[in-house]
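> What follows is each chain in one-letter form.
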Amino acid sequence: MMEAARDARPLPFPQAARLALRDPQLRANIRLATTTIRAKRAAVVSELPDWQQLRDAGRTIKDRALHRLDDVLVELEAAVTRGGGIVHWARDAEEANRVVVDLVRATGADEVVKVKSLTNDEIRLNEALQAGGVRPIKTDLAELIVQLAGERPSHLLVPAIHKNRTEIRDLFRQQLGRPDLSDDPHELAEAARLHLRAAFLRARVAISGLNFAVAETGTCCVVESEGNGRMCLTLPETLITVMGIEKAIPRWDDLGVLLQLLPRSSTGERMNPYTSLWTGVRAGDGPRAFHLVLLDGGRTRVLADPEGRPALRCIRCSACLNICPVYKQTGGHAYHTVYAGPIGAILQPQLSGETGHAATLPFASSLCGACYEVCPVKIDIPRILVHERAKAVRAESQGLEGVSLRFLGRVFAQRRRYERAQRLGRALQRPVVRNGHVRWFVGPLKGWGMSRELPALPLQTFREWWEQRERGT
Amino acid sequence: MPTPNVALFVTCLGDTLFPDVGKATVTVLERLGITVEFPAEQTCCGQLHFNAGYADEARALGERMERVFAGHEVVVSPSASCAAHVREHVPGLAGRVHELSELLVDRLGVEDLGVSYTGSVTYHPSCHSLRLLHLGDRPLRLLRAVRGLELFELPEAAECCGFGGTFAVKNADVSSAMLADKLASVEATGAGAVCACDSSCLMHIGGGLERRRAPVRALHLAEILAG
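As they're listed, the protein sequences go chains A and B.
Sequential numbering from 1 applies to the first sequence in my numbering.
Sequential numbering from 1 applies to the second sequence in my numbering.
Next up, chain A with everything else stripped away, as it sits in the complex (with noise of 0.2 angstroms):
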């Protein structure tokens, strides 16, 4: 289930991110396993001696399709229809909602089989389904996982990253009935399949979203591991997709640069299991029906910023959050957003605004850059991160760091006031130091004495040094 954005008032990242420090198991989980993918994906990317030029490549075929994205959608929309699918265009995800609830209310269908989509997730569209009286069943290994725990996924790709198999075991054995069931990862996944298969033949609509749209053939992509994308995209009367704009890419050729970044980045894969094309309707073979829902849901909005605009291009790999120190230490609930990670720190304030917590998001982040050196797109991260930061500084009062900083500002725009406040912070801080050493923290130094000392103002700054020895020579 989607409770992330069902939170009425997600804490703020700070205080979200001291919970999930506070949990080892947890830690421990996500460590190993974005150690894992790590190297994982290191090894496949350095098998490829043209890597940096496929990222340039990736990069400039998105920016291509954003630049034109009012064309490419139209395009994209006329050929879908050529292929016999039928396309509706939603605002917003209430809009996109109620299209794909009145279109399988519809076909009389109570339940729908469904492929892990953040776009649905995002648009809380089991919510809808379920509020419209129709039953969604998670088809994903790790988001059953998750919808059986009655939790939140915690990552964009590997929803369950935060479980571990006896975990996992232990879960089993209580909601499928299972006690029989060992913490083998192949017992594990059989438990699921049997679980599941009754599901895929019962089912008569299907629901997905899709990682690539191309827009001069109308072909839709679906990437995935575990041939349950491929059952519900192929078995049942009716499927319904639903993506995010930002998703057209202009030609079929396009393919070629992104499935080669896509699962390299996001597995470490050289190619991922299950790669689902489609290309409207065909008698005999797949679904009778198709129908495109093209969701806008705050994308024109991140379009309009040209400074925030390169975050469309992301192909939801999630290579950054795997390799960010930040996500490595509190997992994805501490996000409290279905885009977790350093690109959810970028998108969500976006998508949602910079306010709230929201706001709080891009600041979960040391700038550090790793981001950005994995991006398979090259979007650079850390100058996003600090676009939003300013956007959030300028919509909401940072209180004592924002009135300090100001200060400051105003302190360095002056030699004289600059020396002074050198000699008077020598002056103010004798109470609250011994042996060369800070030992009281007040206020924002609070958060800095939690781990670390720190050091007293000098007797003699560099200047001074510099101004004695001047005038001694």
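Worth flagging that the hints you see were computed from the coordinates, not collected in a lab.
Ideal Cβ positions, reconstructed from N, Cα and C, are used throughout, including at glycine.
Keep in mind that a hint or two might mislead.
Unchecked claim - Partial list, computed: chain B residues near chain A (C-beta under 7 angstroms):
{"#": "1", "residue": "Gly22"}
{"#": "2", "residue": "Thr35"}
{"#": "3", "residue": "Phe38"}
{"#": "4", "residue": "Pro39"}
{"#": "5", "residue": "Gly53"}
{"#": "6", "residue": "Ser176"}
Starting from the structure of chain A, add chain B where the hints point.
Below, chain B without anything else, positioned relative to chain A:
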């Protein structure tokens, strides 16, 4: 090639809190026969404000630094992070600013400074030295040439220490958790000192080491190269 005078951009943090790093930078350069100048009007380049989201203050401070260093053909900074900020966001100064190891290795063609050091050192490549300036192995080449210095490889060296400016205070819990990992890596080397090209990261790592009472010193590259 005759080297013109070099103007020292000592950084506000170096000036105020770590004067020894500035002094060591002067020592290293003067030993090479370079005349060092210190434009005393300098304060802060604006990186702190820029990264915290105070774009207007940052722009004003950046422009101020352009004026302060106008006419200085070669500017050196013992901070990779501040050098990177200037290079990316202070266009009028960008092409003239060099981080210390860049100046030594690339511009002056020096790797062996003829100094010695007794003890073992591990090198932490700070994030901005690594991913913004792309210093590569320049600092390591300089360290390897120091007589008597035993260089120990730092595990997971490229991982951030968790400083990140205001991040260390705003997200103190996460920052502390990241620091704990870095300290564990540093301590695992068994080195007597950890070295970097950024006083800010060293303030963070050094502050953590002191809190743990670990017998490891935090030293700036310039302090080792000054002999």
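> Look at each hint and say if it fits the structure.
How the hints compare with the structure:
no.	hint	verdict
1	Gly22	holds, 4 angstroms
2	Thr35	violated, 12 angstroms
3	Phe38	holds, 5 angstroms
4	Pro39	violated, 10 angstroms
5	Gly53	holds, 3 angstroms
6	Ser176	holds, 4 angstroms
Of the numbered hints stated above, those contradicted by the structure are hints 2, 4, listed in ascending order.
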